[in-house]
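Produce the complete structure using the sequences and hints provided.
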Amino acid sequence: MASTTIDTHAPGAAHHPALQHHFDNMEQQKESATLGMWLFLVTEIMFFGGLFTAYVVYRHAFPGVFAAASHHLDVTLGGINTAVLICSSLTMALAIWSAQINRRKLIVFFLLATIALGSVFLGIKTVEYRDKFHHHLVPGTSFAPDDPHLQGVAGQQSQIFFALYFIMTGLHALHMIIGIGVLAVLAVLSWKGRYDAHYHNPLECSGLYWHFVDIVWIFLFPLLYLIGAHAR
Amino acid sequence: MNTTVDTAEPVVPSPETGSEPRNYLNAAYGLRSWLLTRDHKRIAILYLISVTAFFALGSFFALLIRLELLTPEGDLVSPDTYNRLFTMHGIVMVFFFLIPGIPAVLGNFLVPLMIGAKDLAFPRINLASWYIYCLGGLFTLWSIVHGGVDTGWTFYTPFSTHYSNTYVISAALGIFITGFSSIFTGLNFIVTIHRMRAPGMTWFRLPLFIWSHYATSLIIVLGTPVIAITILLVAAEKLLHLGIFDPALGGDPVLFQHLFWFYSHPAVYIMILPSMGVISELVAAFARKPVFGYKVVAFASIGIAVLGFLVWGHHMFVAGESVYVATVFSVLSMLVAIPSAVKVFNWTFTLYQGSISLQTPMLYALGFIGLFTLGGLTGVMLATLGLDVHVHDTYFIVAHFHYIMVGGTIMGYLGGLHYWWPKISGKLYPAFLSRLSALLVFVGFNLTFFPQFILGYLGMPRRYWSYPPEFQVLNVLSTAGASILGVGYLLPLCYFIWSMRYGKNSGDNPWGAVGLEWDTSSPPPTENFLTTPVVTHGPYEYNPKEVHDRTSQPEARVG
Amino acid sequence: MRSQLPLFPDSASTLSPHVDALFLAWSVVSAFFTLLIAVLILYFMVRYRRRGADDVGEVERPMLWLEIAWTAIPLGIVMAMFVWGTLVFFQLYRPPADAVEYYSVGKQWMWKFQHPDGHREINALHIPAGRAIRLKLTAEDVIHSFYVPAFRLKQDALPGRYTQVWFKATKPGIYHLFCAEYCGAEHSRMIGWIVVMEPRDYEAWLAGGPAGKTMVASGAELFEQLACQTCHRAAPNRPARGPRLEGLYGTQVKLANGGTVTADDDYIRESILNPTAKITAGWDPIMPTFQGQVSEEQLLQLLSYIKSLHADNGGSEAAGGQTAKKTP
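Protein chains in written order, with this note's numbering: chain A, 6 to 237; chain B, 331 to 889; chain C, 68 to 395.
Hints may be right or wrong, so weigh each one.
[Said to hold, decoys possible] With a Cα cut of at most 16 Å, we get these calculated EDC-like pairs of lysine to aspartate or glutamate:
| hint | chain 1 | residue 1 | chain 2 | residue 2 |
| --- | --- | --- | --- | --- |
| 1 | B | Lys625 | C | Glu127 |
| 2 | B | Lys875 | C | Asp122 |
| 3 | B | Lys875 | C | Glu125 |
[Stated by the list, open to error] Under 10 Å between C-beta atoms, here's a sample of chain B residues computed to sit facing chain C:
| hint | residue |
| --- | --- |
| 4 | Phe416 |
| 5 | His571 |
| 6 | Val626 |
| 7 | Leu637 |
| 8 | Phe639 |
| 9 | Leu640 |
| 10 | Met646 |
| 11 | Ala667 |
| 12 | Tyr682 |
| 13 | Ile686 |
| 14 | Thr703 |
| 15 | Leu715 |
| 16 | Arg793 |
| 17 | Ser796 |
Bear in mind the hints are in silico, worked out from the structure with no lab data behind them. Think of the CB as a built atom: it goes at the ideal place given N, C-alpha and C, for glycine as much as any other residue.
What follows is the structure, encoded as structure tokens:
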């Protein structure tokens with residue numbers, strides 16, 4: 006025979022309870038999961054990338070309209086949200102650190118803190134969306150801005166800005182909701198003592214996802230909220 | 331019944347008791363054991379069934395199209411119905427057959443086996459990808475039941491967003507959902523190939539099937555999200571009366587085309603690369619020697635994947651892009667053809683000093699090489715700017731991509747199915763019928779699509795329900811060919827199913843082939859290998875004594 | 068009369084032979100390589116057929132020179148074809164200076180044509196042989212594509228934009244016109260004829276039909292009807308309130324935001340429909356939009372008129388007074 010074989014089921018091979026049977030050992034499982042998460046984040050970059058491409062094309066086509074439309078976004082609320090998200094990334098990292106030092110309850114605390122901050126973000130976003138709705142700035146048949154700069158053709162073109170605003174921040178918010186759901190599950194599992202210094206890869210992978218969602222917002226905020234902001 | 335691994339000894343078949351050895355097919359019975367499986371081999375079978383169903387549906391639409399085109403006037407269906415027929419033919423074939431096809435069926439089955447792993451990295455995600463595929467399929471079927479979509483599978487705006495009255499949104503959502511199925515498969519393959527190779531299986535000992543699936547997965551992961559967001563924007567625009575691609579609101583319909591083709595061009599490499607991987611395996615196995623220029627072919631796969639992302643603008647030469655942009659895309663499109671040409675030469679030269687057996691899989695492989703050569707050359711013709719202006723959006727284009735998709739991808743798919751059928755099912759299929767089918771497919775295919783090159787240069791535009799009478803003879807020839815092609819496709823469906831019940835047992839390795847997948851039983855056990863293989867040499871190393879030991883059917887006169 | 072089984076299209080423009088030459092060259096190359104591969108496969112299939120059940124192939128040494136050869140040769144061929152094809156393509160986009168401008172609007176599901184002298188046609192275009200013609204295209208609704216196989220050319224007609232194609236017909240005859248971009252239910256019936264006539268016959272045809280106003284004259288009439296001159300031309304008692312249009316076409320325009328833009332067809336069309344998009348430096352943004360008040364054909368007539376306004380002949384209406392500019 007041209008190849009020899011190894012028997013991985015030799016007696017005495019200890020199995021970590023979280024080891025899945027198609028993997029040979031925890032190291033392989035951890036590396037696979039991490040690589041998988043990075044690849045998934047690459048797909049997310051390409052997904053949002055399409056929207057950023059549309060944004061670049063249209064902002065180049067009518068910069069004045071984009072600036073005028075951007076003035077309708079609340080920089081203060083957006084700024085607070087940015088700070089909130091950055092803090093939530095900190096608490097996420099601290100949750101992982103807590104696992105590394107074997108502090109079970111601390112893991113749960115920081116995960117809950119992350120969820121709380123994420124919820125604050127979503128709450129503020131709800132306030133902003135409601136405000137847009139109230140001011141007839143939702144693109145579509147009910148679009149009717151009050152702004153003299155956004156009448157006629159400029160108004161029609163600003164619908165593209167607002168469409169991009171809602172779709173980009175809306176998809177971002179959807180990702181946050183999913184992230185909060187995942188963190189909630191992890192919080193429950195952490196409470197049950199599932200993670201410790203030797204095994205907390207699911208926390209790390211979820212942390213990667215959460216940081217990514219944070220980074221997307223870091224791009225969205227200046228591009229949507231701060232166009233021509235220095236001139237206001 | 332779960333299918334977890336246990337360390338029990340396999341049941342040795344004994345003539346007295348006649349009990350079957352334990353394998354992935356008989357490890358558990360019942361619908362739940364299939365619908366909740368995590369075994370990549372069972373998931374491959376699930377995909378085989380659904381992909382075949384969609385292929386049948388897409389073929390039915392093609393049949394109606396070709397029947398309508400028998401006469402110059404439209405007399406079989408209304409123009410509106412015809413428009414829905416070619417749209418649904420395109421959507422079903424591209425998104426539900428060609429893109430998942432080989433990766434989800436043969437890739438899922440073989441990638442772990444070929445690298446010596448027990449399963450893919452993420453078995454549950456694998457199963458999820460099949461369910462997501464089915465869900466996307468349901469949305470699309472819902473569209474079809476309600477009359478289908480009439481935008482062309484390319485959904486050009488503003489027609490699709492503001493003028494079409496059909497179920498664009500549900501079809502778009504169907505495609506969006508199915509995209510995730512594709513992404514999960516690609517992601518799974520990349521991680522598996524990186525992290526789960528058996529000891530000794532270095533990158534350059536991997537079979538070329540793995541290299542091409544790796545390259546395909548890179549494209550899937552990078553490209554599919556872009557079509558996802560693009561089609562989502564189309565659905566949003568239609569649903570919410572937005573104006574992102576609407577010129578009346580300052581939107582740019584050509585932006586849609588850029589975003590759409592940014593994925594849809596690499597998508598064609600998603601469709602052809604896995605088939606090329608199959609061909610490498612078939613040529614090596616049926617010439618019983620390594621593929622000539624192994625490293626060149628491996629790198630060519632990666633090269634095609636990379637270059638494939640840089641050429642999308644060649645779909646838009648007359649769409650209003652500037653002449654300078656067109657020039658750049660033209661030269662890049664020429665370059666992407668080179669790695670494919672190099673592969674064709676390498677496969678052909680592999681036959682030199684080989685030990686060639688013309689069993690059915692090899693017939694498909696050799697047919698592929700010929701048809702892909704012609705299809706690929708017509709591709710470089712299209713990359714030539716001055717020429718493309720005349721033949722763009724004519725039957726020349728239709729002929730070109732069918733030569734690649736049908737003469738290329740489907741031939742590879744069928745060849746692969748015929749080669750690995752004994753591995754998948756443990757059975758043999760009738761040799762005469764399978765060779766006859768291969769011949770019918772080859773003849774029928776050429777008769778269907780070669781006249782379309784002539785029609786295209788004559789100027790017959792595509793997506794035409796009625797056409798000037800002087801084009802009729804060529805259209806009739808094309809329809810005649812399609813009938814023969816259809817028979818060629820029906821036969822394997824019949825005899826594969828027949829073989830599952832009545833076929834002779836194949837034994838572990840009826841072809842005497844080399845490869846980790848052949849080092850285990852046919853069908854394999856659930857955990858693929860009873861003991862993990864350790865690899866000590868490259869792929870395709872044939873020597874006579876080993877062939878003798880390996881071959882389970884001594885006469886090798888099978889299939 | 069067309070044959071029952073045509074295998075090659077008519078050749079009726081100066082471009083056709085160039086495209087056909089490209090096609091012929093590629094066909095020869097393709098046939099050569101396809102046959103080469105086919106013959107090699109068939110030969111190897113027979114020469115190296117399996118002799119016994121345990122027969123295996125013989126492994127040869129790696130031959131890098133062979134790999135390089137069959138990479139470099141195809142590369143050389145495609146690069147040569149690329150250059151050739153690009154040169155032909157550039158011809159298509161460089162109309163000669165003496166090309167006469169005709170206009171076409173595609174809409175679901177017909178082609179509307181306007182001759183420079185005002186003749187209008189639907190789904191048919193009569194043109195003289197031997198004269199270079201520049202066709203300005205736009206679409207009213209969805210994307211269409213103007214395709215004349217006998218001329219070997221095609222160009223998409225886009226809504227909201229102008230595109231252009233030029234040709235010089237060589238052979239009198241009647242040739243197919245197709246729409247080549249799927250546009251809905253009647254896409255395959257959005258077809259017509261290009262009727263190429265001897266120049267004498269063309270003049271006779273023009274004279275025989277109802278005399279219409281030329282594009283320029285129609286445009287001038289519209290210009291007045293829509294009161295464009297009240298801002299764009301100074302009068303003795305009234306300074307101009309908008310930029311001078313005489314001699315504007317083709318020049319560089321300085322914009323209020325500091326940029327510059329070329330005053331081409333799309334710029335003029337946009338300025339009529341969406342005047343505040345690009346404000347000329349030194350002028351107030353007071354021009355109203357005419358979106359909804361002018362059809363695509365009327366826009367083409369206005370465009371035609373404005374293009375005809377040369378810098379030195381704007382004196383027919385205006386009294387040549389000083390144009391006073393308002394500063395922002």
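Right, here's what the structure says about each hint:
1. For the suggested pair Lys625/B and Glu127/C, the alpha carbons sit about 15 Å apart, so the restraint of at most 16 Å is met.
2. Only pairs whose Cα atoms come within 16 Å are accepted, and Lys875/B paired with Asp122/C is accepted, the gap being roughly 9 Å.
3. For the suggested pair Lys875/B and Glu125/C, the alpha carbons sit about 14 Å apart, so the restraint of at most 16 Å is met.
4. For Phe416/B, the interface hint holds, the least distance from its beta-carbon to any beta-carbon of chain C being 9 Å, beneath 10 Å.
5. Checking His571/B against chain C: minimum C-beta separation of about 16 Å lies over 10 Å; hint violated.
6. Because the beta carbon of Val626/B sits about 5 Å from the nearest beta carbon in chain C, less than 10 Å, this interface hint is met.
7. Evaluation of the Leu637/B hint against chain C yields a violated restraint, the C-beta minimum of about 13 Å exceeding 10 Å.
8. Given the 10 Å rule on beta carbons, the hint for Phe639/B is violated: about 19 Å separates it from the nearest Cβ of chain C.
9. The beta carbon of Leu640/B is not positioned within 10 Å of any beta carbon in chain C (closest approach about 15 Å), and the interface hint is therefore violated.
10. Hint status for Met646/B: holds, given a least beta-carbon distance of 9 Å to chain C, under 10 Å.
11. The interface hint given for Ala667/B holds, since its Cβ lies 6 Å from the closest Cβ of chain C, which is under the 10 Å cut-off.
12. Checking Tyr682/B against chain C: minimum C-beta separation of about 6 Å stays under 10 Å; hint holds.
13. Interface restraint check: Ile686/B against chain C, minimum CB-CB distance 5 Å, threshold 10 Å, status holds.
14. Given the 10 Å rule on beta carbons, the hint for Thr703/B holds: about 5 Å separates it from the nearest Cβ of chain C.
15. Taken as an interface hint, Leu715/B checks out: its beta carbon lies about 3 Å from the nearest beta carbon of chain C, inside 10 Å.
16. With a cut of 10 Å, the hint placing Arg793/B at the interface with chain C holds, because the nearest CB-to-CB distance is about 4 Å.
17. A least Cβ separation of about 5 Å between Ser796/B and chain C falls short of the 10 Å threshold, and the interface hint therefore holds.
When the structure is compared with the earlier hints, violations turn up for hints 5, 7, 8 and 9 and for no others.
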